[in-house]
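With these hints in hand, go ahead and build the complete structure from the sequences.
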Amino acid sequence: MRARDPDRAGVIDRDGVDIYYEVHGDGDTTLLMIPPSPITHSRIYKAQIPFLARNHRVVTFDGRGNGRSGRPTEKASHTRAENVADIVAVLDATATKSVVLVAHCHANWWAVEFADRYPERVDALIAIDPGVPYLGRSQQHWVDTAKTFDEVLDDPTGWELFNRHVIVNEHHRWVEFFFGAQLVERHSTKQYEDAVAWALESSGEVLVAAEEGIELHPPDREAFLSICQNLDIPVLVIHGSEDVCQAVERGRELAAVTNGEYLEIEGAGHLTLAREPVKVNRAIKEFIDRMVRAR
Amino acid sequence: MRAREADALGSVVVDDLEFGFEVHGDRDPTILLMPTWTIIHSRFWKFQIPYLARRNRVITYDGPGNGRSPRTTDPTAYAVEAFVDRAVAVLDAVGTHEAVIVGYSDGGKMAAAFAAAHPARTLGLVIIAPALRVAPPSPERAVIAETFHEPYPPNPIGWEKYNAAYWRDHYEDFLHFFFSEIFTETYTTKAEDDCVGWGLETNGAVLTAEALRPPDPDHLEVIAGIEAPTLVIHGTEDHLVPFEVSRRLAEMTDGELAAFQGTGHAPHIKEPVRFNLILRDFIERVGS
Numbered sequence: 000m001r002a003r004d005p006d007r008a009g010v011i012d013r014d015g016v017d018i019y020y021e022v023h024g025d026g027d028t029t030l031l032m033i034p035p036s037p038i039t040h041s042r043i044y045k046a047q048i049p050f051l052a053r054n055h056r057v058v059t060f061d062g063r064g065n066g067r068s069g070r071p072t073e074k075a076s077h078t079r080a081e082n083v084a085d086i087v088a089v090l091d092a093t094a095t096k097s098v099v100l101v102a103h104c105h106a107n108w109w110a111v112e113f114a115d116r117y118p119e120r121v122d123a124l125i126a127i128d129p130g131v132p133y134l135g136r137s138q139q140h141w142v143d144t145a146k147t148f149d150e151v152l153d154d155p156t157g158w159e160l161f162n163r164h165v166i167v168n169e170h171h172r173w174v175e176f177f178f179g180a181q182l183v184e185r186h187s188t189k190q191y192e193d194a195v196a197w198a199l200e201s202s203g204e205v206l207v208a209a210e211e212g213i214e215l216h217p218p219d220r221e222a223f224l225s226i227c228q229n230l231d232i233p234v235l236v237i238h239g240s241e242d243v244c245q246a247v248e249r250g251r252e253l254a255a256v257t258n259g260e261y262l263e264i265e266g267a268g269h270l271t272l273a274r275e276p277v278k279v280n281r282a283i284k285e286f287i288d289r290m291v292r293a294r
Numbered sequence: 000m001r002a003r004e005a006d007a008l009g010s011v012v013v014d015d016l017e018f019g020f021e022v023h024g025d026r027d028p029t030i031l032l033m034p035t036w037t038i039i040h041s042r043f044w045k046f047q048i049p050y051l052a053r054r055n056r057v058i059t060y061d062g063p064g065n066g067r068s069p070r071t072t073d074p075t076a077y078a079v080e081a082f083v084d085r086a087v088a089v090l091d092a093v094g095t096h097e098a099v100i101v102g103y104s105d106g107g108k109m110a111a112a113f114a115a116a117h118p119a120r121t122l123g124l125v126i127i128a129p130a131l132r133v134a135p136p137s138p139e140r141a142v143i144a145e146t147f148h149e150p151y152p153p154n155p156i157g158w159e160k161y162n163a164a165y166w167r168d169h170y171e172d173f174l175h176f177f178f179s180e181i182f183t184e185t186y187t188t189k190a191e192d193d194c195v196g197w198g199l200e201t202n203g204a205v206l207t208a209e210a211l212r213p214p215d216p217d218h219l220e221v222i223a224g225i226e227a228p229t230l231v232i233h234g235t236e237d238h239l240v241p242f243e244v245s246r247r248l249a250e251m252t253d254g255e256l257a258a259f260q261g262t263g264h265a266p267h268i269k270e271p272v273r274f275n276l277i278l279r280d281f282i283e284r285v286g287s
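Quick note, the sequences are listed as chains A and B, same order.
Per numbering that gives the first Met the number 0, numbering of the first sequence is gapless, rising by one per residue and ending at 294.
Per numbering that gives the first Met the number 0, numbering of the second sequence is gapless, rising by one per residue and ending at 287.
By construction, these hints were calculated from the structure, which means they are not laboratory data.
All C-beta atoms, glycine included, are put in the ideal place defined by N, C-alpha and C.
Each hint should be verified, as a subset may be incorrect.
Partner residues aside, some chain A positions facing chain B, computed with beta carbon under 7 Å [said to hold, decoys possible]:
id: 1; residue: A2
id: 2; residue: K45
id: 3; residue: F50
id: 4; residue: H186
id: 5; residue: G203
id: 6; residue: P233
id: 7; residue: G266
id: 8; residue: V277
id: 9; residue: N280
Here is the structure:
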């Protein structure tokens, strides 16, 4: 049972891939909640949407590969450009002129590229535990597993489960390990069960395609830094200090290079928005209130 | 004989059921004391009402199944959302727009759900020993749901009595067991006797219907919707709901936490003076 049902929902046909979206509430400001699919979908924002929709119009969607959206298995269907085009399609379908982008983890890479390409459609960016290239540092386990991703490993365990063959053949093993590792806080059973269940609505084949697709045609470091520095919008970065997916230095640097505000939530891991929803919600609300007053 | 009689008794009809409410005192801000698990009724606030009513309008109401409300065995009447809807109906009937919402144990869920659904009507939120799943339940209690509808063992002990058939056959014995778990402190005979007496005003069939109520709204979504200043109160020796639940709830809501050292599941009954002073102080701050 959900705390709030959407006021409107629909499906867009994006060149043969269904994209499911929802609209909650109304108001002068629209927020677009971008989920880091396909490891999750729009329900990752379940603790934010009912709260934010009290005062604002909130649009969300299931990213390609999970939820009620399509399940393309080609990596060419999971490029950043395709995900950015999904954002455009959702805004057009909901007759939304411009938005405050809210993104978690790697959805921030799409958000930044969208903001760069469509500056007139972006009012602000709220980046939660952001996963963007080059900034700060990468967690060592990502660096290590990138080397063995394609190998067939004997009896892989721990971070070695981030492996093409494991994910395709034993999707649940990777998903369970990943969210178990991310929820560093005590008493996270509910968040763990939610996150694993949402992830398992997709498949390992889709997840591998998406992991590869997002990395296709990457900008170089200078080009990406330049995009961030030229974002002429208010930015708020929220990061859990104990995040083991995206190192906290990444959020700090994103805030620094975008001249943004920065909130670090002490002791929180990667699922900050599910573990500390009240703090995250209040920070978003106050940021938008300040932004509206400054107009 | 009560220390203070109600200034007004009334009732509201919601979904074809009539619910009794009481109003004590007449000054803003209003304090709404929510019902809790149907095993007791609104008299469980008896140490708070006369004190708070000196300076505030205090409203209590009886949920379905006990006190001045009907003994329905329709499980849907016991949904958390239904308790919130009735609270709104009571506030409307009294002509009160906003209130400090206070909920205890099961009522902690109801109070949180009220605050999340009606932020503009919530001046402040006080939650006592709430049955919210933000930390693991105590191990003995974690298993009861699995055996609730099974036949009970011969000579059941402890939480084995938390069982639909046992409630049907030995309801009063269950009440004695349950309230002995609530009042873990010494010198609690009177409090236990009160509670057992309130429990005997309802019956096992009603409590079984309540156990079959629709699933609670997602506790995380509810907590995420809290905007009001929050005070959480919990006894450190609570055998029913671990103290950790309140520690975590206060952390999540940036709320205040009042830890009652050595107290069990009912700090408002066992330590009423200290409890009332803390509540009073909170009401003065959020109500001004």
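- Please flag the earlier hints that this structure goes against, numbers listed from lowest up. Numbers 5, 6, 7, in rising order.
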